[in-house]
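Peer 1: Fit chain Y with the ligands to the given chain C structure using the hints.
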Amino acid sequence: MSTVTMEQRKRIHPHKFTLWVGIGSLLMMFAGLTSAYIVKRNQANWQTFDLPQFFWYSTVAIILSSVTIYLAEKAFKQRMMQKYRSLVVTTLVLGILFIVFQLLGFQQLWAKQVTLTANVSYSFMYVIVGLHAAHVLGGLIALIVLFAKAFSVKTRSYNSVPVELVSTYWHFVDVLWIYLLIFLILIR
Amino acid sequence: MSSAATLQHADVHVSHDAHHEHHHHETFITKYVFSQDHKMIAKQFLVTGIIWAIIGGLFSVIFRLQLGYPEATFPWLEDLLGHWAAGGKLKPEFYYALVTMHGTILVFFVLTAGLSGTFANFLIPLQVGARDMASPMLNMLSYWFFFLSSIIMFCSLFIQTGPASGGWTIYPPLSALGDASTGSILGMDFWLVSMAMFIVSALLGGLNYITTILNMRTKGMSMTRLPLTIWALFFTAVLGVLSFPVLLSGAILLLFDRNLGTSFYLSDIVVAGKILPNEGGSAILFQHLFWFLGHPEVYIILLPAMGMSSEIISVNSRKPIFGYMAMVGSLFAIAILAFLVWAHHMFVTGLNPFLGSVFVLLTLLIAVPSAIKVFNWLTTLWRANIRFTPGMLFAIGFVSLFISGGLTGIFLGNSALDLHLHDTYFVVAHFHIVMGVASFFGMFAGVYHWFPKMFGRYLNNTMAYIHFWVTIVGAYLIFWPMHYQGLSGMPRRYYDFSSWISFNQFSGLNEFISFVAMIVFAAQLLFVFNFFYSMFKGRKVTDSNPWGANTLEWTTPINPGHGNWPGEIPEVHRGAYDYAKDGKEFIPQDVPVGDDESKH
Ligand code: HEM
Ligand SMILES: [Cu+2]
Numbered sequence: 000m001s002t003v004t005m006e007q008r009k010r011i012h013p014h015k016f017t018l019w020v021g022i023g024s025l026l027m028m029f030a031g032l033t034s035a036y037i038v039k040r041n042q043a044n045w046q047t048f049d050l051p052q053f054f055w056y057s058t059v060a061i062i063l064s065s066v067t068i069y070l071a072e073k074a075f076k077q078r079m080m081q082k083y084r085s086l087v088v089t090t091l092v093l094g095i096l097f098i099v100f101q102l103l104g105f106q107q108l109w110a111k112q113v114t115l116t117a118n119v120s121y122s123f124m125y126v127i128v129g130l131h132a133a134h135v136l137g138g139l140i141a142l143i144v145l146f147a148k149a150f151s152v153k154t155r156s157y158n159s160v161p162v163e164l165v166s167t168y169w170h171f172v173d174v175l176w177i178y179l180l181i182f183l184i185l186i187r
Numbered sequence: 000m001s002s003a004a005t006l007q008h009a010d011v012h013v014s015h016d017a018h019h020e021h022h023h024h025e026t027f028i029t030k031y032v033f034s035q036d037h038k039m040i041a042k043q044f045l046v047t048g049i050i051w052a053i054i055g056g057l058f059s060v061i062f063r064l065q066l067g068y069p070e071a072t073f074p075w076l077e078d079l080l081g082h083w084a085a086g087g088k089l090k091p092e093f094y095y096a097l098v099t100m101h102g103t104i105l106v107f108f109v110l111t112a113g114l115s116g117t118f119a120n121f122l123i124p125l126q127v128g129a130r131d132m133a134s135p136m137l138n139m140l141s142y143w144f145f146f147l148s149s150i151i152m153f154c155s156l157f158i159q160t161g162p163a164s165g166g167w168t169i170y171p172p173l174s175a176l177g178d179a180s181t182g183s184i185l186g187m188d189f190w191l192v193s194m195a196m197f198i199v200s201a202l203l204g205g206l207n208y209i210t211t212i213l214n215m216r217t218k219g220m221s222m223t224r225l226p227l228t229i230w231a232l233f234f235t236a237v238l239g240v241l242s243f244p245v246l247l248s249g250a251i252l253l254l255f256d257r258n259l260g261t262s263f264y265l266s267d268i269v270v271a272g273k274i275l276p277n278e279g280g281s282a283i284l285f286q287h288l289f290w291f292l293g294h295p296e297v298y299i300i301l302l303p304a305m306g307m308s309s310e311i312i313s314v315n316s317r318k319p320i321f322g323y324m325a326m327v328g329s330l331f332a333i334a335i336l337a338f339l340v341w342a343h344h345m346f347v348t349g350l351n352p353f354l355g356s357v358f359v360l361l362t363l364l365i366a367v368p369s370a371i372k373v374f375n376w377l378t379t380l381w382r383a384n385i386r387f388t389p390g391m392l393f394a395i396g397f398v399s400l401f402i403s404g405g406l407t408g409i410f411l412g413n414s415a416l417d418l419h420l421h422d423t424y425f426v427v428a429h430f431h432i433v434m435g436v437a438s439f440f441g442m443f444a445g446v447y448h449w450f451p452k453m454f455g456r457y458l459n460n461t462m463a464y465i466h467f468w469v470t471i472v473g474a475y476l477i478f479w480p481m482h483y484q485g486l487s488g489m490p491r492r493y494y495d496f497s498s499w500i501s502f503n504q505f506s507g508l509n510e511f512i513s514f515v516a517m518i519v520f521a522a523q524l525l526f527v528f529n530f531f532y533s534m535f536k537g538r539k540v541t542d543s544n545p546w547g548a549n550t551l552e553w554t555t556p557i558n559p560g561h562g563n564w565p566g567e568i569p570e571v572h573r574g575a576y577d578y579a580k581d582g583k584e585f586i587p588q589d590v591p592v593g594d595d596e597s598k599h
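Quick note, the sequences are listed as chains C and Y, same order. Heads up: the first sequence begins at 0 in numbering that gives the first Met the number 0, then just goes up one per residue. Heads up: the second sequence begins at 0 in numbering that gives the first Met the number 0, then just goes up one per residue.
So here's chain C without its partners, still in its complex pose:
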């Protein structure tokens, strides 16, 4: 007896589909914030500022991490578990680096009097970038789970769905960051 009928077999895995819808939902949240930003920018009392250098380092880190997780997924599917493990660890480290660079960037800004409350444009930047970082942190937790699974001797899972889910989400936060970065540079 089977639950999953022939017809369902052709369809995308439900969990992956759920993730995609969830990504759409998260995008709406950032769309809400960025459109609020645009509305506010056209009103009085808006100050521009330069983004800190550290944001560029963090961009490099997160793009690299996207590459490594892509390779990790590939390695997993080819059952090259040794390679998979080291790539997951690399991704995790790069993700942590991203967060660290973001924090250093905030510190740089703060030192230049670009503080949370000094101007609305600053406040927006902190909220938008911070909220994105919170989503990266969520991804890091998922990576840690993968990491724990990959090194646990007890569970031997060859189910690639969790890996694919984490990797899709990770690419999402990467692309989202690039979008936000371009947005914050172009629209100020």
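Hint data in this document are derived by calculation from the structure and do not stem from the laboratory. Glycine residues also receive a C-beta, built at the ideal position from the N, C-alpha and C atoms. Be aware that a few hints might be false.
Derived coverage of chain Y by chain C (criterion: at least 3 residues anywhere in the stretch with Cβ under 8 Å from a Cβ of chain C; other residues may be distant) [unchecked claim]:
#1 132–145
#2 204–215
#3 237–248
#4 274–281
Peer 2: Chain Y with the ligands only, in chain C's frame:
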């Protein structure tokens, strides 16, 4: 079926499937508390929703006492509410708190979580032919986030300075500044945190509903064979998933303004002669973010009621629903338009008049799909062999209320008229009829219709008929006169009208409305009694398809276990509305098409 047909990586569902008949370790906790069975989760949502509805309804009775009898004192109020009603008279601050909590509770906790949470959970797997939701785990989390959110909101009722009191729309600056009102001190933070949890719950639920509908349909269940309930719940979930995150972003900014000194919404504010340092914010910005959710939200509340009423009307008319594709198309049109009309709540905010007229046009366009739906319900009822079951009565009542309330929407949608009508009792009448009461009717219709499937027992019919007639007559008596009050300028959200000569003419009417409100509230308690009594003591269901309906939920055993069908999931061969076809009264969806069968 051979194991080759089993989807290899869908481990969750397969294992689930193999074990559902002999759950080894089903304890009270796993069965009733941390259940992952969509049917149990649905009941959890329903019961929590009922509890909230009693609380929210009671609040309205209390503040109606103030409006109806502004001069009177009620010593028992002091016993109930303590210093909030010192001397037996509600304090103005607490009046606002009650109005705010009434709105929040009814809109979000009852008519969103209680309605979608219950029926999307209950009906989607059963009607599309799935063993459970795509992710039972997320589904359980969805309930528990709602529970957490409920607890936080409930606790806020006991804060010394009172719960949030800036209206269910929590407009800043009122909601942003603790100095502005006592409810904006701690109550507002509780409100925001509770709503953040609520939004997480709504999103987790919505993701699951969408995925289940699109991915987990049984063999033969093409999209165009889906019952209209499922279509409606589908669009509801899409609206929720796309609009709730925007409210979340608005709420996050508000939290920052309140607690971290930012000025997203605040500028040039003077409180008690003191100028606040906040510069550069805009309170209107919040309204945009709020209503971008807020308007879709009203359809999140309405669409499930529409879907269930369509289904129940067709079943009890013993006729196919008129214009199935038009019903789906109009749901779709409503869902799209729902995102394009939010500024009709903001005509008086100094909106650019040209922009305003665009929103007028888009708003009035909603009348088109709405009229299509009404036309189709009426044509389905036309010359039908109607069975007036309680569910059917409530579904017909829904149509009546939707017509009455929809018509006043067209008044409000004209910005020229809205300048006068905005923030008057006309708006209160409009949205209570079209959204509040109408959706409650859809929900009651659903409960009366699917109660036998939920609990294997029937509700008591006598109590049900009393409930129906008192509620429909009472609802019109309460809200119809409010249109006149609004037309003559009586503003909403005022604590006491007795000091205005122009509104004194309404003091008798206000008393009448409050009196009817108490009777209607009592009738709801009768329903609550009927509900819990019948759950344990009601007449037992003996026929697995008591209404003679076509949809798949009636092909399950009378008390389906986790997994819904003991054997294979039935295959679907036809749409859900083959009533009165080829001389047969009804043909369920799992009956194969006969060779000589006519095309409808
Ligand atoms: C033809 C259809 C409709 C039109 C043209 C329409 C138009 C409007 C307009 C213009 C307002 C703003 C009034 C004001 O504040 O000055 C309004 C308020 C409202 N409408 Fe409708 N409406 C329609 C149907 C509905 C439906 C179907 C629902 C819900 C199911 C609904 C729920 C509400 C609510 C809740 C409010 C008031 C919110 C508040 O200020 O607290 N409306 N409507
Ligand atoms: Cu609206």
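Peer 1: Next step is simple, just say for each hint if it's right about the structure.
Peer 2: Consistency of the hints with the structure:
no.: 1; hint: 132–145; result: holds (count 3)
no.: 2; hint: 204–215; result: holds (count 9)
no.: 3; hint: 237–248; result: holds (count 8)
no.: 4; hint: 274–281; result: holds (count 4)
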